[in-house]
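*Asks:* Respectively, the protein sequence lines represent chains A and B.
Going by the working numbering, 114 is the number at position 114 of the first sequence; the sequence numbering is gapless.
Going by the working numbering, 77 is the number at position 77 of the second sequence; the sequence numbering is gapless.
Keep in mind that the hints were calculated from the coordinates and are not lab data.
Please note that a few of the clues may not be correct.
Pairwise CB distance ranges (calculated) [as the list claims (entries may be wrong)]:
#1 Ala251/A to Gly78/B: 20 to 30 Å
#2 Gly102/A to Arg390/B: 30 to 40 Å
#3 Glu287/B to Asp206/A: 50 to 60 Å
#4 Gly119/B to Thr266/A: 36 to 46 Å
#5 Gly119/B to Arg116/A: 43 to 53 Å
#6 Lys273/A to Gly119/B: 52 to 62 Å
#7 Pro282/B to Arg236/A: 31 to 41 Å
#8 Pro38/A to Lys190/B: 29 to 39 Å
#9 Asp59/B to Val227/A: 28 to 38 Å
#10 Ala487/B to Leu103/A: 22 to 32 Å
#11 Arg197/A to Gly276/B: 42 to 52 Å
#12 Arg116/A to Thr76/B: 20 to 30 Å
#13 Pro38/A to Arg390/B: 35 to 45 Å
#14 Ala251/A to Lys167/B: 19 to 29 Å
Note that the structure is a prediction, hence the values are computed from the model and not measured.
Where a beta carbon is used, it is the ideal one built from N, C-alpha and C, also for glycine.
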Amino acid sequence: MRLRCSTFAPLLALSVALVSAQDGKLLYEQNCAACHLPNQMVVGPSLVEITKLYQKKPQEFIAWSIQPVKKRAGVIEMPSMAHLGEANLRAVHGYMITASRGLKEKPVAKKDLLVRPARRPEIQRMFLPNVGPAAIAVALPGDLNYCFDAGDCRLRTIWRGDFLDCWDYYKSNGKAFAILLGQTLLNLPADESLQKRVKFLGYTVDAAGLPTFEYERDGARFRETIVADGKGLARRFEVTATKPITLTLDAATTCASGVTVQDKLTLTPAEAKSFTLTVRLP
Amino acid sequence: MIIPLLFLSATIAAPNPPTAAKSAAVPAKDGWAEAFALSQVEVPAGIDDQVGGLAFLDDGRLAVAFHRGEVFIRQTDGSWKQFAEGLHEPLGLLPDGKGALIVMQRPELTRLEDTNNDGKADRYRTLWDDFGMTGNYHEFAFGPARGPDGALYVALNLASSGAGVFKEIRGTWSEIGQASRQQLMSGQTKTAGRMYSRVPYRGCIMRIADGGRGAAELYATGFRSPNGIGFDAQGRLLVNDNQGDWRGSSPLQVVTKGSFNGHPASLVWTPGWDKGDPLALPVDELEKRRQAPGGVFIQGELSNSPTQPAVFPKSWGALAGQVVFGEMNAARLVRFVGEDIGGVHQGAMIPFLDTKALRNGNHRLAFAPDGALHVGKTHLSWAGNNGIVRIEAPKALPALIESVHLTATGFEVRFTEAIDLASYQVSLRRFRYLYHVRYGSPKTDEAPLLVRSNILSKDRRTMAIELGEPIREGFIHELSFPGIRSAAGEEILGPVAYYQVVKSQRTR
Numbered sequence: 001m002r003l004r005c006s007t008f009a010p011l012l013a014l015s016v017a018l019v020s021a022q023d024g025k026l027l028y029e030q031n032c033a034a035c036h037l038p039n040q041m042v043v044g045p046s047l048v049e050i051t052k053l054y055q056k057k058p059q060e061f062i063a064w065s066i067q068p069v070k071k072r073a074g075v076i077e078m079p080s081m082a083h084l085g086e087a088n089l090r091a092v093h094g095y096m097i098t099a100s101r102g103l104k105e106k107p108v109a110k111k112d113l114l115v116r117p118a119r120r121p122e123i124q125r126m127f128l129p130n131v132g133p134a135a136i137a138v139a140l141p142g143d144l145n146y147c148f149d150a151g152d153c154r155l156r157t158i159w160r161g162d163f164l165d166c167w168d169y170y171k172s173n174g175k176a177f178a179i180l181l182g183q184t185l186l187n188l189p190a191d192e193s194l195q196k197r198v199k200f201l202g203y204t205v206d207a208a209g210l211p212t213f214e215y216e217r218d219g220a221r222f223r224e225t226i227v228a229d230g231k232g233l234a235r236r237f238e239v240t241a242t243k244p245i246t247l248t249l250d251a252a253t254t255c256a257s258g259v260t261v262q263d264k265l266t267l268t269p270a271e272a273k274s275f276t277l278t279v280r281l282p
Numbered sequence: 001m002i003i004p005l006l007f008l009s010a011t012i013a014a015p016n017p018p019t020a021a022k023s024a025a026v027p028a029k030d031g032w033a034e035a036f037a038l039s040q041v042e043v044p045a046g047i048d049d050q051v052g053g054l055a056f057l058d059d060g061r062l063a064v065a066f067h068r069g070e071v072f073i074r075q076t077d078g079s080w081k082q083f084a085e086g087l088h089e090p091l092g093l094l095p096d097g098k099g100a101l102i103v104m105q106r107p108e109l110t111r112l113e114d115t116n117n118d119g120k121a122d123r124y125r126t127l128w129d130d131f132g133m134t135g136n137y138h139e140f141a142f143g144p145a146r147g148p149d150g151a152l153y154v155a156l157n158l159a160s161s162g163a164g165v166f167k168e169i170r171g172t173w174s175e176i177g178q179a180s181r182q183q184l185m186s187g188q189t190k191t192a193g194r195m196y197s198r199v200p201y202r203g204c205i206m207r208i209a210d211g212g213r214g215a216a217e218l219y220a221t222g223f224r225s226p227n228g229i230g231f232d233a234q235g236r237l238l239v240n241d242n243q244g245d246w247r248g249s250s251p252l253q254v255v256t257k258g259s260f261n262g263h264p265a266s267l268v269w270t271p272g273w274d275k276g277d278p279l280a281l282p283v284d285e286l287e288k289r290r291q292a293p294g295g296v297f298i299q300g301e302l303s304n305s306p307t308q309p310a311v312f313p314k315s316w317g318a319l320a321g322q323v324v325f326g327e328m329n330a331a332r333l334v335r336f337v338g339e340d341i342g343g344v345h346q347g348a349m350i351p352f353l354d355t356k357a358l359r360n361g362n363h364r365l366a367f368a369p370d371g372a373l374h375v376g377k378t379h380l381s382w383a384g385n386n387g388i389v390r391i392e393a394p395k396a397l398p399a400l401i402e403s404v405h406l407t408a409t410g411f412e413v414r415f416t417e418a419i420d421l422a423s424y425q426v427s428l429r430r431f432r433y434l435y436h437v438r439y440g441s442p443k444t445d446e447a448p449l450l451v452r453s454n455i456l457s458k459d460r461r462t463m464a465i466e467l468g469e470p471i472r473e474g475f476i477h478e479l480s481f482p483g484i485r486s487a488a489g490e491e492i493l494g495p496v497a498y499y500q501v502v503k504s505q506r507t508r
């Protein structure tokens, strides 16, 4: 048999007094370390930077931790640490200063250490500028690249040059677009109303690595393969339709089959079985 | 022989000011590292080896989806062969028969098919993409998990007020919410709510029938950042969530169809929703709708960011059938031992593999055919790690808490080995977390618990703990056994359990 009892008040006092630098480490690990690394900005500033800001200002550190506000653009507001209490926050402050001693801020990597030239062809789904969020970037053999938007099932952007620099996206955890490298030759504006008329089905990849996109639009089933064609692109379609299909052509695009009136191309189901849109590029 | 141990209150724990919990899991020597064999799995060269999905194929090979969209398969000779590439932040991977894998990537659920059997996917078939994307970085997509009904289940993350939305979005914009689309487009997120749901099904669990080929339906609402979805051995859908707004500490939700699981933002996707901005509803009303968590990952002591559940296979002995979760923030995993009480599945969270040798960033879990647990790591822009760690199935389990069960008057705690009575002491307390819009919660209503008796079973492995007071529903009951050792003199690893009591009485 064991019997343990004790008085309440002295214990409470003791446990407060016991909050030491040792506890500061544990408190930091349990409450802060997910967002504040010793020498590198992640979600919030590093211990090195916090030390610079608050080394001689424990009271300000405590006040901030109890009632943080949004201070930095593009950085999430810190949740309040009020529940830790002043004594514990003081211990965290002490620990952060100790832990950052002798450390230097690790600069944010300016470039992607894993960067490599595009394999051509290459496919990469990514956040891209001036298109919808379900974008697919494709590098073609040669120097042309395009974006097929799986949200509205349209070729949206064509650019000439190296493929993509995705580092802004990766280093910001998806808060930035990848950069299209080179010169943008074509970018179709948004038309969210198209989304209701289409259904994206995916893509196949041929032996060379070239994708063929599959989708439904107004009940017709499309297969679209985009290849380099001289200075421009050829968009090869195979469409299964029971009614004539109509496509809106941009100024750079023509079609040898069907009937084009102004920017509207109409094809019979028979014509739609196999046709090519030619995109002339500067 | 039964050894009654009569205690009069082993309760010295005063209602703590929230000092760092002296996690019982920081032993002087690293018992975990001695008991388990951990090793690093070599990853493919030249890639960012943050792991988004990890699974074993029927033939025993390991398939891994990496951060930048590659899928590799580790061949039997240990070499890696690339199976797919170009995916957008894949965060889950599921084998789907010969030569096919299903991945959940940011924009869609995709079946990767190798139709010509050359070991490389040549068809990226979109199974389901009928959900919204605003372009907000936090709109992650998790899963899929295969249910006993053959359907696939995926979990969609809310957007974060850490950023706004794209000018062009996918899906129909919801006008419900204080922030206008214009404001969010220009990055003004102040009135959006800390986490927000403005396009379909963000914050929901979705069910896609027929292995992903059938119709999709909204299965449950109420999630924030559900980076862990899976089924337990009995086919219950387990989804955890991350501490934050409306999440006092990370919960484990045992998800049933039509349930609301706590974070209000996604309530707008409830069929027939007519109550306006859910963030404006009284907390009482939300509380009434809310399905209580079946387990709670204690912030700090257990897990700040729980991840994928996996079920221990037979090779793990007494743990077989129990669930283990990853944890991003600490070098630790967490076990969940659940049971049905009064029609509710609830249970105990217990620290596991609490060793620096494991490191943090524990994101995706899978057991190899030989029983070895594989843990894939990630960090993105948070604390974490990278690579893959392999933990062999132990020849014999070390001394651990095997299980915790609620009884009519207290708890029954079973250990994997006979315990040394002289080292036995139990400290019990209860506490709970607040359900509120604010980020996280302190432990509240903390109180030590009076122990009336401890009765050790004949094999000295099971302790029946009788409380001197009624068990309170809605409270986490912490049972800690500081310094406890096995009869053989080994320390009991992870000698603490946190039992979430939703219901206190078995249905009679």
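*Asks:* Hints first: check each against the structure and report whether it holds.
*Replies:* Now for the hints, and whether the structure bears them out:
1. Ala251/A to Gly78/B: 20 to 30 Å: Given range 20 to 30 Å: violated, Cβ gap about 55 Å.
2. Gly102/A to Arg390/B: 30 to 40 Å: holds, 35 Å
3. Glu287/B to Asp206/A: 50 to 60 Å: Because 56 Å falls inside the window, the suggested range holds.
4. Gly119/B to Thr266/A: 36 to 46 Å: Check passed, 44 Å falls within 36 to 46 Å.
5. Gly119/B to Arg116/A: 43 to 53 Å: Given a distance of about 22 Å, which is not inside 43 to 53 Å, the answer is violated.
6. Lys273/A to Gly119/B: 52 to 62 Å: violated, 33 Å
7. Pro282/B to Arg236/A: 31 to 41 Å: violated, 59 Å
8. Pro38/A to Lys190/B: 29 to 39 Å: About 31 Å separates the Cβ atoms of Pro38/A and Lys190/B, which means 29 to 39 Å holds.
9. Asp59/B to Val227/A: 28 to 38 Å: Holds, since Asp59/B and Val227/A (Cβ atoms, about 37 Å apart) stay within the stated range.
10. Ala487/B to Leu103/A: 22 to 32 Å: violated, 46 Å
11. Arg197/A to Gly276/B: 42 to 52 Å: violated, 31 Å
12. Arg116/A to Thr76/B: 20 to 30 Å: Taking Cβ atoms as reference, Arg116/A and Thr76/B lie about 28 Å apart, which means the hint holds.
13. Pro38/A to Arg390/B: 35 to 45 Å: Hint violated: Cβ distance 28 Å, outside 35 to 45 Å.
14. Ala251/A to Lys167/B: 19 to 29 Å: Holds - the Cβ-Cβ distance for Ala251/A and Lys167/B, about 23 Å, lies within 19 to 29 Å.
In summary, the numbered hints that this structure violates are 1, 5, 6, 7, 10, 11, 13.
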